[in-house]
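Enquirer: Quick note, the sequence shown lines up with residues 6 to 678 if you use the numbering used here.
Read the hints as simulated data drawn from the structure, not as lab findings.
Beta carbons are placed, not taken as given, at the ideal position from N, Cα and C, and that holds for glycine.
Hints should not be assumed to be uniformly reliable.
[Claimed, not checked] BS3-like cross-link-like pairs, simulated, lysine-lysine; straight-line CA separation at most 25 Å:
#	residue 1	residue 2
1	Lys287	Lys261
2	Lys403	Lys473
3	Lys621	Lys166
4	Lys13	Lys607
5	Lys607	Lys638
6	Lys643	Lys584
7	Lys643	Lys621
[Stated by the list, open to error] Distance ranges between label pairs, derived from CB positions:
#	residue 1	residue 2	range
8	Thr418	Lys123	26 to 34 Å
9	Asp107	Arg402	48 to 56 Å
10	Glu598	Glu28	28 to 36 Å
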Amino acid sequence: MESLRVTKSVSPLGTWQSGLTAEKVSRQSEEIGFLQPTENGVYFINCVDGDRDQMAVWLQRGAGASSQITPAQFNVRSRVHEYGGSPYVIASDMLFFVNFNDQALYSIALDEVGFANKESNVARQITPANSGLRYADFAFDVFRNRLICVREDHRQVDPEKFSAADIHNTLVSLAIDSECLIEGDVLFQDSDFVSSPCLSNDYQQLAFVSWDHPNMPWDVTQIRVASLAANGQPIELQRIDGQKPGSLLQPRFDSKGWLYFIADWSDWWNLYCIDPEGLQSKQIPTCILPVPAEFCSAQWQLGKYNYDIDVNDEILASYTQNGLWSIARLRQDSQSSAGSSAPWSHHKLVEGLGQIEDLNSQDGSLYFCGATELDSHGVYRYETDSESKKSSTKVSRKIIGAVAQIDAAEISTPELIEYETGNHATAYGLFYPPTNASHQYSAHELPPLLVSVHGGPTSAARPVLNLKLQYWTNRGFAVLDVNHRGSTGWGRAFRQQLNLSWGVVDLQDVVSAVEYLIAENLVDPARVVIHGGSAGGYSVMAGLAHTALFAAGASYYGVSDLEVLARETHKFESRYLDKLIGPYPDAVDIYRERSPIHHLGKIDAPLLLLQGLQDKVVPPTQAEMVCDNLQQKGVYVKYITFPGEGHGFRNLANQVSALEAELAFYLEVFENQ
């Protein structure tokens, strides 16, 4: 690595003055997503006034400012799977959306230009409130004037004795012209989970994804296709068959009735298709572009797509390779008579982004959510029609999202590191050096290092402008964002290296990354701290228990007792540990061996615990047990709770408090070294 030092005023690392306050970086951490372009503009979900605890549907028309469409008293967010999913849909001149507080579905009328109709701007309730029913991931059936969506039924849950088996996920239809409250008519209920309903262009076929415990959607899923009878019920249900089990996601139809989807049969999530004749005769689907790249990410939320089909039946698809995202146009040879097996050409349109998702096309324009290492998350538009190519707006540009309140000279850009870890395997990370336009550090001082471990653990660190990360580098910290084995973006085999080895290989990769940076003389080995949320919080506590590398750690709603997690967590992840650890209770000894709660006697480093009191994924009891045990041992531990917060802090004030508390905690630890 090249030298990171430049000539500036010398100041102690970790204490640099910065204009990136905790409030500024938290307020700018928008949550834009779930795009739905229409002829009236782009609808999307975003927070209100920078507060992620209050979400709304917005509309962007032309070059003007975005307008909030849903009334202020509603918070548009679904609780399906606890992580949620697409909570709204535009259906003709109506907007249907889920209200977070009661999980009921509501509708409002839209005027001719897509705004809420002022003459009838009263939200109409469609489903019962606080009924135990949750809805997400909608498709509009124009032919039958109904919505098709995922319904999660909690009505049989005993609050005194939770069991994931009492929760039922089904595919349902909702007749939107009903004059009374409705719960939905079941279309499919023969699997533990369903997602991604989509209709053919003639509304006579329905495709969707299903899967069963103990699989997660990135393990083994099926795509099912059915014809729709006159009454709207699915008939002649078929299942897409491939060479072997795999993760099949994001089905979509083109105008000819061809079915497209993403599958990882080749080790990589590539794009496949099958024509109607092949579907009937159960032919093997065709891989459109067989490349060592991922055309999607792990499906933690419902309703996200990484490709779309334009009016010419050409595919506009995003994919990630070596940590960076691109978009390509895929076009089939129109002269061929080989059906779906005819060759496809591809042409790259966009490249070099750190993240791309929610990709949709509309009227010659391509819209997607994206971010780069110099620009934060927002909505981009790329003009794909021929007239635009002849003019000047071929390059994608950001049309929605805050302009980052940070000068380019203040931004720390990441270097992708690739290093050897346990069993001679390879892992990856993003290294961000300390960066501040007004400060530098002495040649005799090395920076403190903050190691960040992503959640999931099947998620990924991405090279995008994250102001909460820049909060640290702008103060003189180096940051290492780790992509340990099990992260998404490097194929199925890399992802599955975590199977039965969570708490072992991920920790090996974190430790190896730190040792690599220390060997390169890039960080101060005495001032290495670690933080993470959820699964990342588990890594924090495991790291403090099993290595002396870390001077301190901060666990955000982290897992401390794997047995408790297996017994008490929500349905979506209730069998996740079967893959990561082993079946419970058969593998109870491994659960105990891997649980930080049973190794607290080995922890001497200070620990900060931050916990939402309404967390249904990792209940507060996990943090409370750790706090009590470490206090009895005499280890310095701070436990900060946040009433009203669930799994991930959404309230702006709470985000600010947590970030400020974490910085103060590390500085206190360093001062007392």
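Enquirer: When the structure is checked against the list of hints, which entries are broken? Sort them ascending.
Expert: 4, 6, 8, 9, 10
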